[in-house]
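Q: Each chain, letter by letter, is given below.
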Amino acid sequence: MTDLLTVNFAEHWVVDPVAELAGVASVSIIAGKIASVTWRDGEAAARACWTAGANPGPSDPTVALLPALIDLHAHFRQPGANASEDVESGTRAAVHGGYGTVALMPNTEPAADTVETLRAAIAGERHGVRLLPIAAATVGRAGTQVSNVGALVKAGAVAISDDGSPIADRVVFRAALLAAATAGIPLIEHCEEPSLTDGSEAADGLVASRLGLRPWPAAGELRAVESAIAVLRDVVTSAAPARLHLTHLSTAAALAAVRSAQGEGLPLTCDVTPHHIALTDGWIAGDRRWAWEVASGDERLAPTADAFDADLRVCPPLRAAVDAAACREALRNGTALAIGTDHAPHSREKKEVEFGLAANGIAGIETSLSVAIAAHRAGELSLATIVAALTTGPARLLGADLVGVTPGASASLVQVDLAVSWRPSRETLQGRSINMPLIGRELPGVVLLTVLEGRLAYQR
Amino acid sequence: MVTQAAPAEERSSRHLLDVAGLNWRSLQKLLASAGEMQQLLDSRAGGSDALRGVGVTTLFYEPSTRTRISFEAAAAALGARVTTFNVATSSVGKGESLVDTVRTLEALRSQVIVLRHERAGAPWLAARHFGGSIVNAGDGWHAHPTQALLDLSVLSRNLGDSSGYLAGRRIAIVGDLLHSRVVRSNLHTLTTAGATVLLTGPASLTTGFAEHAASFRGTAGNVQLVGNLDEALHNADAVMALRIQRERLTPGELDSLEAYRAAWGLTEARLAALSPRALVLHPGPMNEGVEIDPNVADGPRSLVLEQVRAGIPMRMAVLAQVVAEARA
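Protein chains in written order, with the numbering used here: chain A, 363 to 822; chain B, 334 to 661.
Don't read these hints as lab results, they were simulated from the structure. All residues carry an ideal CB built from backbone N, CA and C; glycine is no exception. You may find that some hints are simply not true.
Some chain A residues well away from chain B (every beta-carbon gap over 12 angstroms; in silico) [unchecked claim]: (1) Leu366; (2) Ala397; (3) Gly404; (4) Ala407; (5) Arg488; (6) Val501; (7) Gly512; (8) Val533; (9) Ala762; (10) Leu780; (11) Leu818.
Example chain B residues on the side facing chain A (calculated, C-beta under 7 angstroms, incomplete) [unchecked claim]: (12) Gly354; (13) Val432; (14) Arg452; (15) Ala453; (16) Trp457; (17) Arg517; (18) Gly541; (19) Glu544; (20) His545; (21) Ser548.
Label pairs and their in silico Cβ distance ranges [to be verified]: (22) A:Ala740 - B:Arg461: 23 to 31 angstroms; (23) A:Gly442 - B:Thr422: 28 to 36 angstroms; (24) B:Ser589 - A:Ala592: 31 to 39 angstroms; (25) A:Gln821 - B:Thr583: 50 to 58 angstroms; (26) A:Leu810 - B:Pro396: 53 to 61 angstroms.
I would like the entire structure built from these sequences, with the hints used as guidance.
A: Below you can see the structure in the form of structure tokens.
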């Protein structure tokens, strides 16, 4: 453990999504506590700057200071697949990515459906990261019998989920939603209708058709979302505190359904992943343009030498540019409250195989901030939107304490240079697995420091 | 506009993974080379030693008759050392991965691997881990480059202008488009050769092909998906029946083979709608009496055996090209 930090961050671009302030400020840390925050142009200007999107101007400092990030959806593979990742390597990756809090999904082996496994999933060296375990919603994630949610929450579970698969049986889904409501936590659902998606390889559409990949229809997500909303609508009339969160949504249609249900006042939230906002299924053909650079009808479909990279195999699959645009719009208009990484490390053996035989998942916790910054720099997302989606949004879902850049608080901050870029590589990445399609690509936004609870957790 | 190929992909490669991205000049070069290879086969020597000492391995994860044998015959006719990798009796059965297998073959001095695999994209994975040349002999539903090249050579010879170009020609392709690597590759070669391609088949087996067809706008040719066989056959210069791939069908995709034949089979009665000089093709193996009647397959319009014969010289041309590129 390092010593409590004393440092002065002079003239940084400070974004505080808790106080809703942004602008040039100097932040002084004394013995791990934020001693003072001095907004150069005063608090009123900082408030106006937040409201305007917190975007720095051309003459503003390029080094930003943000609250340490929160991930509501990661897999550290412990117990069961420590060769792919464990708590030590996962948290090392997290602090490199600017994260200070990570919620861990329960699809470990065995599934985190008991207090013992829940504790085992967060044991070990954490590099100062706060780990929030999510318990399996059903025993063994088998979808037949709801877990002992009360005991799991008492042991620290912040949510329940069967992530990796949906709770397909609607009776069990309803029971899980009620159990979560009783325990005062959200149910996080992976929305997929297996009868439509079984064996599929890539999003239904032109790229899958041209590449001969088995199609994963958009209806495979929409049907599951609609059905989950129908159950939620029924449950809220009898169980007021029910909360449903739909994770890693990827289609315009599903996000529209969520927005409409939110309009009814249903207690429904959702998140999107960095890869679904920034990449398209065209990447599978070897087109390496960001999603916002692809115009409809301008797809590059002839496979290049980089085509069929199994690191792009993910569930739900990468989709067309219009779906990626819908994911970004969902962040802008508040339909999605968070960017969740769905950090899913896999060993080389599971990824260095034929595309359709590869394990699903992208190890994205070290690049998600950079991907969000890339979208920001392209004018797609304001800095306020991405910072909220990486801090206050997930904190709200998980009931996690989040202090902003607040005088008197213990310092949990990330210092990131927005003007500098880096290239993910086997050398630069800290996680144990590098199943990551952005390897070798120049990404904007370099994390310089991650400070957690007043101590240095990562320094470049 | 749909971009068919980045300019960089026009340069030849030491692999033949796909025909997508090959321009007409590249196709013409292969057609001309296949013509020379045919002359070589017809000569007294019956071949050459252009690939003497070159190790060519056929690595087939799916069963095949004509493709594997014609590749092996092609390699032998050029004097290569030919090895047949028997997947069933190899370490693949013990779980050896594709990547480990191609690395092993490289260590065993294979310079060319002719790969057939049931998964789309497998040759791209192999190519990233193999120092020699990968020739795609069919990957899942995705591509079958040498089949499309030999189909092009047959159609160019029978229907093309003096350069083999197919502008103004109408080629109908009928059947199971969804699972067909043959149609996916033929769409690239035929549109690059300027042809109009009319696609048709049962709705359950043409899913996604309206958009797929539209994505060929901007090419020299044209692709349309039409709703029935008669419309596809109208004014067609040639019709290609695709095999009903029973091994790839999922329940509900096809009612019955009898119903299929009635709606989509190339029967003599059906062919009466064609112009008398219109030609019939099938990539084989045929389900005779399902997608094509035996008397049609063996009839005077049929190019089926010409297709099979075209396989050896075209595969010679491909092997000679990838080895030349690897040496360059």
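Q: Determine for every hint whether it applies to the structure shown.
A: Evaluated hints:
1. With a minimum CB-CB distance of about 48 angstroms to chain B, A:Leu366 clears the 12 angstroms threshold, and the non-interface call stands.
2. Its beta-carbon lying about 53 angstroms from the closest one in chain B, A:Ala397 satisfies the requirement of being farther than 12 angstroms from that chain.
3. With a cut of 12 angstroms on Cβ distances, A:Gly404 stays outside the contact zone with chain B, its closest approach being about 51 angstroms.
4. With a least beta-carbon separation of about 47 angstroms from chain B, A:Ala407 lies farther than 12 angstroms from that chain, consistent with its non-interface assignment.
5. The claim that A:Arg488 lies off the interface holds: its Cβ sits roughly 34 angstroms from the closest Cβ of chain B, which is beyond the 12 angstroms cut-off.
6. No Cβ of chain B approaches the Cβ of A:Val501 within 12 angstroms, the least distance being about 31 angstroms, so the stated non-interface status holds.
7. Consistency note on A:Gly512: stated as away from chain B, and its beta-carbon is indeed over 12 angstroms from all of that chain's, at 43 angstroms minimum.
8. Distance check on A:Val533: its Cβ is at least 27 angstroms (rounded) from any Cβ of chain B, clearing the 12 angstroms threshold; non-interface status holds.
9. Non-interface call for A:Ala762 relative to chain B: holds, since the shortest CB-CB distance, roughly 41 angstroms, exceeds 12 angstroms.
10. The Cβ of A:Leu780 lies farther than 12 angstroms from every Cβ of chain B, with a closest approach of about 31 angstroms, so its non-interface assignment holds.
11. No Cβ of chain B comes within 12 angstroms of the Cβ of A:Leu818; the nearest lies about 39 angstroms off, and the non-interface call holds.
12. A least Cβ separation of about 4 angstroms between B:Gly354 and chain A falls short of the 7 angstroms threshold, and the interface hint therefore holds.
13. Checking B:Val432 against chain A by beta carbon gives a least distance of about 5 angstroms; that is within 7 angstroms, so the hint holds.
14. The interface hint given for B:Arg452 holds, since its Cβ lies 4 angstroms from the closest Cβ of chain A, which is under the 7 angstroms cut-off.
15. Proximity of B:Ala453 to chain A holds as hinted, the smallest CB-CB distance being about 4 angstroms (cut-off 7 angstroms).
16. Interface restraint check: B:Trp457 against chain A, minimum CB-CB distance 4 angstroms, threshold 7 angstroms, status holds.
17. Because the beta carbon of B:Arg517 sits about 6 angstroms from the nearest beta carbon in chain A, less than 7 angstroms, this interface hint is met.
18. Checking B:Gly541 against chain A by beta carbon gives a least distance of about 4 angstroms; that is within 7 angstroms, so the hint holds.
19. A distance limit of 7 angstroms between C-beta atoms decides the matter here; for B:Glu544 the minimum to chain A is near 5 angstroms, and the interface restraint holds.
20. Here the hint on B:His545 is kept, as its CB sits about 4 angstroms from the closest CB of chain A, short of 7 angstroms.
21. Hint status for B:Ser548: holds, given a least beta-carbon distance of 6 angstroms to chain A, under 7 angstroms.
22. A C-beta distance of roughly 30 angstroms is found between A:Ala740 and B:Arg461, which places it inside the suggested range of 23 to 31 angstroms.
23. Take A:Gly442 and B:Thr422: their Cβ atoms lie about 35 angstroms apart, and the range 28 to 36 angstroms holds.
24. Between B:Ser589 and A:Ala592 the beta carbons are some 37 angstroms apart, a value that agrees with the proposed interval 31 to 39 angstroms.
25. The supplied range of 50 to 58 angstroms is met by A:Gln821 and B:Thr583, whose beta-carbon atoms lie about 54 angstroms from each other.
26. For the pair A:Leu810 and B:Pro396, the beta carbons lie near 58 angstroms from each other, so the given range of 53 to 61 angstroms is met.
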